[in-house]
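*Asks:* Please construct the entire structure, taking both the sequences and the accompanying hints into account.
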Amino acid sequence: MVSFSSEEIIKNTIAFVKNELKDAEGGHDWFHIERVYKNALLISENENVDKTVVALGALLHDIADSKFHNGDETIGPKKAKDCLKTQNLSEEVIGHVINIIENVSFKGGNQTQKFHSKELEVVQDADRLDALGAIGIARTFNYGGFKNRKLYDPEIQPNLNMTPSEYKASDAPTINHFYEKLLLLKDKMNTETGRKIAEDRHRFMEAFLQEFYAEWDGKK
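Residue numbers (the working numbering): 1 to 220.
It cannot be assumed that every hint is accurate.
To be verified - As a list, the in silico PhoX-like pairs of lysine-lysine whose alpha-carbon atoms are at most 25 Å apart: (1) Lys147 x Lys22; (2) Lys79 x Lys168; (3) Lys186 x Lys118.
Said to hold, decoys possible - Label-pair ranges, simulated between beta-carbon atoms: (4) Glu215 x Phe146: 21 to 29 Å; (5) Asp72 x Tyr179: 38 to 46 Å; (6) Thr163 x Lys38: 14 to 22 Å; (7) Asp217 x Asp72: 39 to 47 Å; (8) Asp200 x Lys78: 17 to 25 Å; (9) Leu209 x Asn148: 18 to 26 Å; (10) Thr163 x Ser5: 39 to 47 Å; (11) Phe31 x Glu92: 27 to 35 Å; (12) Asn142 x Glu92: 33 to 41 Å; (13) Ile156 x Glu91: 41 to 49 Å; (14) Glu73 x Ala138: 20 to 28 Å; (15) Pro154 x Ala207: 17 to 25 Å.
Derived by calculation from the structure, the hints in this document are not laboratory data. Remember, predicted model here, so these are calculated numbers, not experimental data. Just so it is clear, CB atoms sit at the ideal spot from N, CA and C, and this is done for glycine as well.
*Replies:* Structure (structure tokens):
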């Protein structure tokens, strides 16, 4: 049985993810994965975690986002497991990474998370940071355009009480997503490093919304 070093496993996984996501929507492509990976490494410097599990969880967390697979949440974990099995990782490590993938996402509807670990907390914070600040704004409007959604409609109010299935099926204007998800993330961060970065990015989004509404209403 071939044995791989941690560095080789990460390198092989990066190559796999780049190939899988080469045609992905711009907010969920390799560059999103790379940013989350870098965020996860930064956060993990201040946390007592298995950094290989964190790295693999970050790299594989969106390998097949259910939004682009008719809501099927089983494809991503299966693809990740197949990738990891080819590298002869232990069942314990593979299981941990799969649990991260299955529990990392914000699903709306105040859904209870079924798995907990420090590694998941790090990857979750890293992923959530990429939904905040300037990058988060750009990704949100990119996806809204991809789904042909309105920018904003004053007659359609944000729905803060959606079930997970309603959240998944929502076609509300892009601005509503700020209130239904993005502005909620700051208070959902798990780590001190994540919270500090999130606070800055949250303020940037609040300033953006103020400017957006002022321009929309013709006040400046």
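*Asks:* Compare the structure with each hint and give your call.
*Replies:* Evaluation of the provided hints:
no.	hint	verdict
1	Lys147 x Lys22	holds (19 Å)
2	Lys79 x Lys168	holds (22 Å)
3	Lys186 x Lys118	holds (18 Å)
4	Glu215 x Phe146: 21 to 29 Å	holds (23 Å)
5	Asp72 x Tyr179: 38 to 46 Å	violated (27 Å)
6	Thr163 x Lys38: 14 to 22 Å	violated (34 Å)
7	Asp217 x Asp72: 39 to 47 Å	holds (41 Å)
8	Asp200 x Lys78: 17 to 25 Å	violated (37 Å)
9	Leu209 x Asn148: 18 to 26 Å	holds (22 Å)
10	Thr163 x Ser5: 39 to 47 Å	holds (45 Å)
11	Phe31 x Glu92: 27 to 35 Å	holds (31 Å)
12	Asn142 x Glu92: 33 to 41 Å	holds (37 Å)
13	Ile156 x Glu91: 41 to 49 Å	holds (47 Å)
14	Glu73 x Ala138: 20 to 28 Å	holds (26 Å)
15	Pro154 x Ala207: 17 to 25 Å	holds (20 Å)
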